[in-house]
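Residue numbers (the working numbering), protein chains in the order written: chain A, 4 to 358; chain B, 4 to 358; chain C, 4 to 358.
Honestly, I wouldn't trust all of these hints.
[Stated by the list, open to error] Simulated pairs of lysine-lysine, DSSO-like, Cα-Cα distance not exceeding 27 Å:
#1 A:K166 <-> B:K269
#2 B:K305 <-> B:K178
#3 C:K245 <-> A:K245
#4 B:K305 <-> A:K166
[Stated by the list, open to error] Sample of chain B residues at the chain C side, in silico, Cβ under 10 Å:
#5 D224
#6 A229
#7 V254
#8 T255
#9 V258
#10 P259
#11 N318
#12 F320
Honestly, the hints are just simulated from the structure, not real lab data.
Note that the coordinates shown come from a computational prediction; the quantities given were computed from them, not determined experimentally.
Ideal Cβ positions, reconstructed from N, Cα and C, are used throughout, including at glycine.
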Amino acid sequence: MGISLSSADRRAGLAGRTPSVATLCSHSSLQIFYGARQEGLPTLGLAIGPPHRYYDAFPLARPDRFLSVPKVDQLPTVAPELKRSGAIVIPHGSFVEYLGPERFAQMDVPVFGNRAVIAWESDRRKEREWLELAHVSMPRRFEDASEVDGPAIVKYYGAKGGKGFFLAKNRESLKDFRPTGPYVIQEYVLGTRYYVHFFYSPLSDRGYRVGHGSLELLGMDRRDEANIDELYKLGAQEELLKAGIRPTFVVTGNVPVVLRESLLPKVFDAAARIVERSIELFGGMVGPFCLEGIMTEDFDFKVFEISTRIVAGTNLFTSGSPYSDYVAPGLSMGRRIAQEIQRGVALDRLDEILS
Amino acid sequence: MGISLSSADRRAGLAGRTPSVATLCSHSSLQIFYGARQEGLPTLGLAIGPPHRYYDAFPLARPDRFLSVPKVDQLPTVAPELKRSGAIVIPHGSFVEYLGPERFAQMDVPVFGNRAVIAWESDRRKEREWLELAHVSMPRRFEDASEVDGPAIVKYYGAKGGKGFFLAKNRESLKDFRPTGPYVIQEYVLGTRYYVHFFYSPLSDRGYRVGHGSLELLGMDRRDEANIDELYKLGAQEELLKAGIRPTFVVTGNVPVVLRESLLPKVFDAAARIVERSIELFGGMVGPFCLEGIMTEDFDFKVFEISTRIVAGTNLFTSGSPYSDYVAPGLSMGRRIAQEIQRGVALDRLDEILS
Amino acid sequence: MGISLSSADRRAGLAGRTPSVATLCSHSSLQIFYGARQEGLPTLGLAIGPPHRYYDAFPLARPDRFLSVPKVDQLPTVAPELKRSGAIVIPHGSFVEYLGPERFAQMDVPVFGNRAVIAWESDRRKEREWLELAHVSMPRRFEDASEVDGPAIVKYYGAKGGKGFFLAKNRESLKDFRPTGPYVIQEYVLGTRYYVHFFYSPLSDRGYRVGHGSLELLGMDRRDEANIDELYKLGAQEELLKAGIRPTFVVTGNVPVVLRESLLPKVFDAAARIVERSIELFGGMVGPFCLEGIMTEDFDFKVFEISTRIVAGTNLFTSGSPYSDYVAPGLSMGRRIAQEIQRGVALDRLDEILS
Numbered sequence: 004m005g006i007s008l009s010s011a012d013r014r015a016g017l018a019g020r021t022p023s024v025a026t027l028c029s030h031s032s033l034q035i036f037y038g039a040r041q042e043g044l045p046t047l048g049l050a051i052g053p054p055h056r057y058y059d060a061f062p063l064a065r066p067d068r069f070l071s072v073p074k075v076d077q078l079p080t081v082a083p084e085l086k087r088s089g090a091i092v093i094p095h096g097s098f099v100e101y102l103g104p105e106r107f108a109q110m111d112v113p114v115f116g117n118r119a120v121i122a123w124e125s126d127r128r129k130e131r132e133w134l135e136l137a138h139v140s141m142p143r144r145f146e147d148a149s150e151v152d153g154p155a156i157v158k159y160y161g162a163k164g165g166k167g168f169f170l171a172k173n174r175e176s177l178k179d180f181r182p183t184g185p186y187v188i189q190e191y192v193l194g195t196r197y198y199v200h201f202f203y204s205p206l207s208d209r210g211y212r213v214g215h216g217s218l219e220l221l222g223m224d225r226r227d228e229a230n231i232d233e234l235y236k237l238g239a240q241e242e243l244l245k246a247g248i249r250p251t252f253v254v255t256g257n258v259p260v261v262l263r264e265s266l267l268p269k270v271f272d273a274a275a276r277i278v279e280r281s282i283e284l285f286g287g288m289v290g291p292f293c294l295e296g297i298m299t300e301d302f303d304f305k306v307f308e309i310s311t312r313i314v315a316g317t318n319l320f321t322s323g324s325p326y327s328d329y330v331a332p333g334l335s336m337g338r339r340i341a342q343e344i345q346r347g348v349a350l351d352r353l354d355e356i357l358s
Numbered sequence: 004m005g006i007s008l009s010s011a012d013r014r015a016g017l018a019g020r021t022p023s024v025a026t027l028c029s030h031s032s033l034q035i036f037y038g039a040r041q042e043g044l045p046t047l048g049l050a051i052g053p054p055h056r057y058y059d060a061f062p063l064a065r066p067d068r069f070l071s072v073p074k075v076d077q078l079p080t081v082a083p084e085l086k087r088s089g090a091i092v093i094p095h096g097s098f099v100e101y102l103g104p105e106r107f108a109q110m111d112v113p114v115f116g117n118r119a120v121i122a123w124e125s126d127r128r129k130e131r132e133w134l135e136l137a138h139v140s141m142p143r144r145f146e147d148a149s150e151v152d153g154p155a156i157v158k159y160y161g162a163k164g165g166k167g168f169f170l171a172k173n174r175e176s177l178k179d180f181r182p183t184g185p186y187v188i189q190e191y192v193l194g195t196r197y198y199v200h201f202f203y204s205p206l207s208d209r210g211y212r213v214g215h216g217s218l219e220l221l222g223m224d225r226r227d228e229a230n231i232d233e234l235y236k237l238g239a240q241e242e243l244l245k246a247g248i249r250p251t252f253v254v255t256g257n258v259p260v261v262l263r264e265s266l267l268p269k270v271f272d273a274a275a276r277i278v279e280r281s282i283e284l285f286g287g288m289v290g291p292f293c294l295e296g297i298m299t300e301d302f303d304f305k306v307f308e309i310s311t312r313i314v315a316g317t318n319l320f321t322s323g324s325p326y327s328d329y330v331a332p333g334l335s336m337g338r339r340i341a342q343e344i345q346r347g348v349a350l351d352r353l354d355e356i357l358s
Numbered sequence: 004m005g006i007s008l009s010s011a012d013r014r015a016g017l018a019g020r021t022p023s024v025a026t027l028c029s030h031s032s033l034q035i036f037y038g039a040r041q042e043g044l045p046t047l048g049l050a051i052g053p054p055h056r057y058y059d060a061f062p063l064a065r066p067d068r069f070l071s072v073p074k075v076d077q078l079p080t081v082a083p084e085l086k087r088s089g090a091i092v093i094p095h096g097s098f099v100e101y102l103g104p105e106r107f108a109q110m111d112v113p114v115f116g117n118r119a120v121i122a123w124e125s126d127r128r129k130e131r132e133w134l135e136l137a138h139v140s141m142p143r144r145f146e147d148a149s150e151v152d153g154p155a156i157v158k159y160y161g162a163k164g165g166k167g168f169f170l171a172k173n174r175e176s177l178k179d180f181r182p183t184g185p186y187v188i189q190e191y192v193l194g195t196r197y198y199v200h201f202f203y204s205p206l207s208d209r210g211y212r213v214g215h216g217s218l219e220l221l222g223m224d225r226r227d228e229a230n231i232d233e234l235y236k237l238g239a240q241e242e243l244l245k246a247g248i249r250p251t252f253v254v255t256g257n258v259p260v261v262l263r264e265s266l267l268p269k270v271f272d273a274a275a276r277i278v279e280r281s282i283e284l285f286g287g288m289v290g291p292f293c294l295e296g297i298m299t300e301d302f303d304f305k306v307f308e309i310s311t312r313i314v315a316g317t318n319l320f321t322s323g324s325p326y327s328d329y330v331a332p333g334l335s336m337g338r339r340i341a342q343e344i345q346r347g348v349a350l351d352r353l354d355e356i357l358s
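Could you put the whole structure together from the sequences, leaning on the hints where they help?
Below you can see the structure in the form of structure tokens.
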């Protein structure tokens with residue numbers, strides 16, 4: 004991050020006041036608002052159209068006020084009002100997806116974290132380059148179907164939320180795949196999926212030291228995927244395909260998990276190297292990120308994706324997780340974000356965690 | 004509910020005293036007793052035969068005293084003693100199932116909630132009418148096997164707990180079904196199952212307003228089903244059927260889940276319309292109910308069942324859920340019931356929540 | 004246990020001082036250290052090589068100090084230092100597995116629990132004898148493949164962590180099994196798996212009484228198994244086997260579950276009989292044990308394994324479980340162990356819980 008002029012400009016409105024926490028009303032907003040409230044920060048919900056009434060059902064997670072725009076592409080127009088309110092915007096997956104990475108990166112408001120990360124995460128090729136530089140174990144990528152020597156998964160570029168993925172148990176079955184756009188073929192790793200929620204704090208000088216800051220692990224989940232997670236009930240995939248029933252991997256929710264303690268060193272080591280490379284490549288990640296990987300029967304943790312902001316799986320841990328309770332009882336990712344902002348204010352180091 | 008004479012009669016014993024909370028020793032009784040104790044209400048366990056000693060292992064959830072009858076059909080005989088004790092009976096699934104809906108509806112004791120709901124929930128046709136009037140998305144029902152145009156599930160009328168369900172991946176496979184009684188054929192919706200735990204309070208005048216009261220969401224789970232949930236390990240269903248192994252859907256337990264936040268409006272909207280119709284149709288539901296549905300890959304929430312009382316999935320959330328913690332930290336459904344009773348006493352409005 | 008001379012010798016260092024809690028840095032050590040700290044006991048981490056830095060990320064679960072040995076077989080050499088420190092060693096699955104049951108049993112340090120149990124648990128035949136004497140329902144064992152009359156699972160003797168298990172849907176499929184060592188053939192029970200975490204306290208004189216002590220239930224989980232738990236996504240097992248993809252059952256993590264309340268009597272009754280037989284057979288188990296079983300569609304709980312010490316599934320319940328919260332809010336198995344030690348000190352009855 005450092006102190007670029009534009010970043011400093013954006014933060015001008017924050018000088019000498021308690022910042023408020025703003026985010027788009029979706030994804031993990033309840034947790035973000037709840038955590039901010041626990042840390043004494045005012046909250047502001049950005050809604051597309053009138054805010055849905057479900058916030059009324061969760062009084063402790065309802066933002067102090069809403070700011071609505073009729074359409075998602077008008078979100079940037081609230082920037083002046085956000086700056087006037089001393090708001091810090093917390094990015095989450097839906098926020099960046101709805102607005103598009105480019106427009107999000109250009110929003111003229113102080114954003115929690117380093118927005119330079121977006122360019123590295125939203126481009127599959129750059130993401131892979133970063134993870135490879137960090138020597139993270141990953142599923143292999145095949146240039147051509149002829150290279151496939153085991154189970155494989157085909158993903159379309161820019162496919163949203165798991166629709167249109169194609170799974171093949173071997174090269175033979177891959178012949179049934181009829182591409183309708185640009186795609187990548189990946190090794191389909193056999194094992195158990197874990198989504199591991201980390202937090203990197205550049206402001207902390209104790210704990211698990213990485214760079215000039217510290218790495219924390221605050222929880223783990225596994226995603227629920229419609230319809231693949233229940234499709235087996237109907238019979239063999241081969242037969243289902245013949246009957247015209249195709250598996251999809253659309254995420255609908257999450258279940259909590261813990262990992263064998265003896266495997267924690269592997270996920271910590273991978274996360275630490277990823278943070279170190281991020282510092283060299285683009286000034287470092289700040290705050291929440293999630294390693295999404297598969298633990299094989301040989302205890303190799305193959306990372307197939309990184310999310311560089313709060314993920315929805317943390318919504319399981321509103322009031323702490325089996326891991327975050329070892330950091331501070333009842334700590335959620337939303338609250339951890341608010342704590343980092345409060346620390347930035349107290350230490351007069353907000354510039355290191357905003358962009 | 005209103006003040007029917009018989010309902011007022013039943014409540015006569017409650018006048019001017021702290022009510023006690025009674026329920027049948029099974030299903031979700033630990034949670035109900037624990038929640039009542041947290042709110043300062045005495046508790047009374049109704050046991051068939053001597054109460055099992057497992058209550059001794061949970062000192063905070065053990066009822067203050069037990070009342071035993073030798074057989075389940077003698078439960079109605081404890082009514083006079085319950086009335087003398089100022090008890091309010093909390094219905095749960097096993098309570099109504101063991102006693103039968105008719106006999107439960109006639110028990111001469113004050114019951115938490117509106118017992119008129121039983122007639123609408125225990126009859127599959129009336130339940131569907133109610134949900135259709137609420138414009139809730141549901142799996143299609145086929146009058147005849149010839150109408151089936153995709154995966155289907157066959158359920159016997161009155162089948163208990165998932166035994167004897169038949170799953171077919173298409174009309175073709177349905178030919179293997181040999182009926183042994185009256186049944187219904189339903190569309191088998193592909194997606195992920197969520198059991199969403201709501202609470203409707205006629206006494207609350209804030210929050211998510213529906214009718215004259217408020218709607219709360221206190222948790223979500225997914226049921227464990229023996230043996231379908233593990234059967235895939237043995238091979239393809241087609242092959243298993245040939246080997247004489249039949250899938251069943253008997254519920255044995257529950258796992259916690261959360262839903263994508265962006266899908267909350269859908270479940271809230273459906274629940275609100277169901278409550279509104281219940282008010283018109285039979286004076287309204289009161290307290291816990293559960294929407295049991297499937298989230299499809301297109302984010303359509305297809306409700307296949309409603310339970311109009313506390314469900315066992317809430318037992319995961321003895322000390323709060325990722326949702327109830329936004330209402331009040333650590334809030335369980337059992338405690339929420341006790342809070343509603345205490346509020347009814349304080350406002351002198353018990354008549355609106357008992358029947 | 005009783006007061007054998009050697010056991011008393013081992014405990015000599017504990018006289019008149021606050022004991023410290025020591026365990027091997029793996030498995031469930033974070034929980035054990037955290038629980039000890041909550042109860043005011045000093046903690047000591049035994050590491051093979053330098054301790055991994057992940058402890059730094061969990062300040063509340065980091066042991067007060069570490070004691071390292073270069074290789075696992077040098078662990079017994081720390082015994083004198085442990086005795087000097089007034090340490091009580093908490094055994095867990097990895098501790099016993101790494102060191103080997105014989106060498107663990109001979110370690111010259113006070114160990115929490117009765118080390119005589121190791122001989123009964125580490126030998127599959129003695130374990131079965133014990134459970135049979137307790138009249139626990141178990142999967143059948145077949146002397147010969149010709150006896151198999153349904154689904155079966157083949158396990159190699161001493162197979163570690165689920166690798167090399169072979170699953171057959173019937174006798175026919177068993178013909179594909181090519182043994183590479185001594186094995187047992189077991190009935191493969193269809194149903195849902197539950198791992199039920201108990202604690203037996205010889206020092207407690209209230210609650211669910213068994214022998215001279217009490218039985219507690221503190222949580223339940225289900226294990227994640229790579230790769231069997233996700234293999235179905237690729238197609239029918241039969242086809243996968245042809246493609247050279249073999250299911251394995253290696254445990255990588257855990258998910259939380261609860262059981263139907265009406266099934267609790269079954270698991271309590273089985274656990275109570277197992278404790279009673281343990282008292283007769285070898286002086287009794289002390290502290291944590293886990294019943295690992297399958298709940299069938301007929302609600303028969305078939306126990307396929309017992310672990311006689313803290314299991315990793317308890318790591319889900321760092322801050323309480325839906326069951327332990329009825330014993331004491333927020334109670335973990337790690338904390339429960341520390342409480343038992345503190346009680347042993349206070350009552351001057353440490354000799355009954357150490358060996």
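Hints, verified against the model:
no., hint, result
1, A:K166 <-> B:K269, "holds, 21 Å"
2, B:K305 <-> B:K178, "holds, 26 Å"
3, C:K245 <-> A:K245, "holds, 19 Å"
4, B:K305 <-> A:K166, "holds, 19 Å"
5, D224, "holds, 9 Å"
6, A229, "holds, 4 Å"
7, V254, "holds, 7 Å"
8, T255, "holds, 4 Å"
9, V258, "holds, 5 Å"
10, P259, "holds, 6 Å"
11, N318, "holds, 5 Å"
12, F320, "holds, 7 Å"
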